[in-house]
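Those sequence lines, one after another, are chains A and B. Note that the working numbering has the first sequence beginning at 28, numbered continuously upward. Note that the working numbering has the second sequence beginning at 28, numbered continuously upward.
It does not matter which identical chain is meant; a pair holds if it fits inside one copy or across any two.
Here are the computed lysine-lysine pairs in the DSBU-like style, where the Cα-Cα straight-line distance is at most 30 Å:
| # | residue 1 | residue 2 |
| --- | --- | --- |
| 1 | Lys192 | Lys121 |
| 2 | Lys192 | Lys148 |
| 3 | Lys121 | Lys196 |
| 4 | Lys121 | Lys99 |
| 5 | Lys99 | Lys196 |
| 6 | Lys192 | Lys99 |
Keep in mind the hints are simulated off the structure, nothing from the lab.
There are 2 protein chains.
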Amino acid sequence: MAGGIVWLTGLSGAGKSTLATEVGRQLAGRCRLEVLDGDEIRLYLSQGLGFSREDRDINVHRIAYVARLLAKQDVLVLAAVISPYAATRAAIAKLSATAGHPFVEVFVNAPLETVAGRDVKGLYKKAQAGEIANFTGVSDPYEAPTAPAVEVRTDRESLAESAGKIVEKLVSLGLV
Amino acid sequence: MAGGIVWLTGLSGAGKSTLATEVGRQLAGRCRLEVLDGDEIRLYLSQGLGFSREDRDINVHRIAYVARLLAKQDVLVLAAVISPYAATRAAIAKLSATAGHPFVEVFVNAPLETVAGRDVKGLYKKAQAGEIANFTGVSDPYEAPTAPAVEVRTDRESLAESAGKIVEKLVSLGLV
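One chain only, chain A, in its complex shape (with noise of 0.2 Å):
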C-alpha cells in the first residue's frame, strides 16, 4: 500500500491526537503507519519556536518534512497539528502532492466554547487571563479549513465515529 499524509488540524483540545490515535488503532496491522503528534515532535523538533506565525510555519513544514520521508517509504502518516494558517496547510499539500503523496486534509471541529470548557491541558483559562500569547482560537487567529476531505464534529460524534468516518474517507481514496 502506498503512503500518504493525513493532516488533521483544529484547535487545541479539539481532539486531533486522540483522533489520530484512534485511527491508528482501527487501521492496525492493515497498513505501515504512524502518528506524528504536534506536542510531542514540536519537543523533538523546534524546540525554541514560538508561536508567532513565523514560527508556526516554520514548525508546521518541519512536521510535513518528517511526513514526507515517512510517506516515501509507503508510511501513511497521521499528523496531529493545530496549524491554524490556511495557506500554509495549502503550501505543504502542495509539496506533498508535488512529493507523490496524497494529502488528506481533515478538519477536527469542535467550537471553541466547547473546547475552552473542556479545558483539558487548562491552557484556555490562562489564554483567556491574557496569561498565554499567541494563543490559537482566543488570542491568535484559526483559519478553518474551507474544502477539507473529512470534517469531524467532535462534540456531537463520538471517537468511533468520528475516526470511522476518517477510516471511510482513505479507504475510499484506496489509501488503506
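Once you have looked at the hints, place chain B on chain A.
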C-alpha cells in the same frame, strides 16, 4: 528486513554524503532505504541553528529522531552528518538501541590536510582565514570515533571500496 541507523561521521569534505549515496546505490532494491544528508536536513529542520556545540547537538538529535522514526518503519537510514562530538554520538546510539534499532557508527576518515586540500566547497580556505567560526577541524574540535563499527579511509580507498566495506558490515550484521 528490519531497519537500522548507519551513522556516517567525519570532517566536512571527507565524503560522507557521496558515500551514503553510493551505499544506497549498491543496496538499491535490497531493503527500504533513506539517505539523510546533514546539509540538506539542516535546511529543513534546523534553520536558525548555528554551529556552537549546543546547536550542533540539537541538530544531531533532530536528525537522529527522524532516523528513529524511519528505522521504526523498517527503513535502513544512512545519515551523513559531521557530528563532531563523541558524547553526542554515544547519546544517539543509546537512544537508538533503546528504541530497538541497530546503530552502526561509520567513521569516514580522511586527514584534515586531504579534505582541506580538496576543499570542495571552498570552506576550509575561509575557515583557515578566520572567516568562519566554529569550523570543525579548524576552529572547532572533531572527536574521532575510537571504536567505530566501520572505518573507511576515503583518501586511500576508492569510493566503491569504501562503500563495499560498509555494505559488507551491514550484511554481516544481518541488516541487509
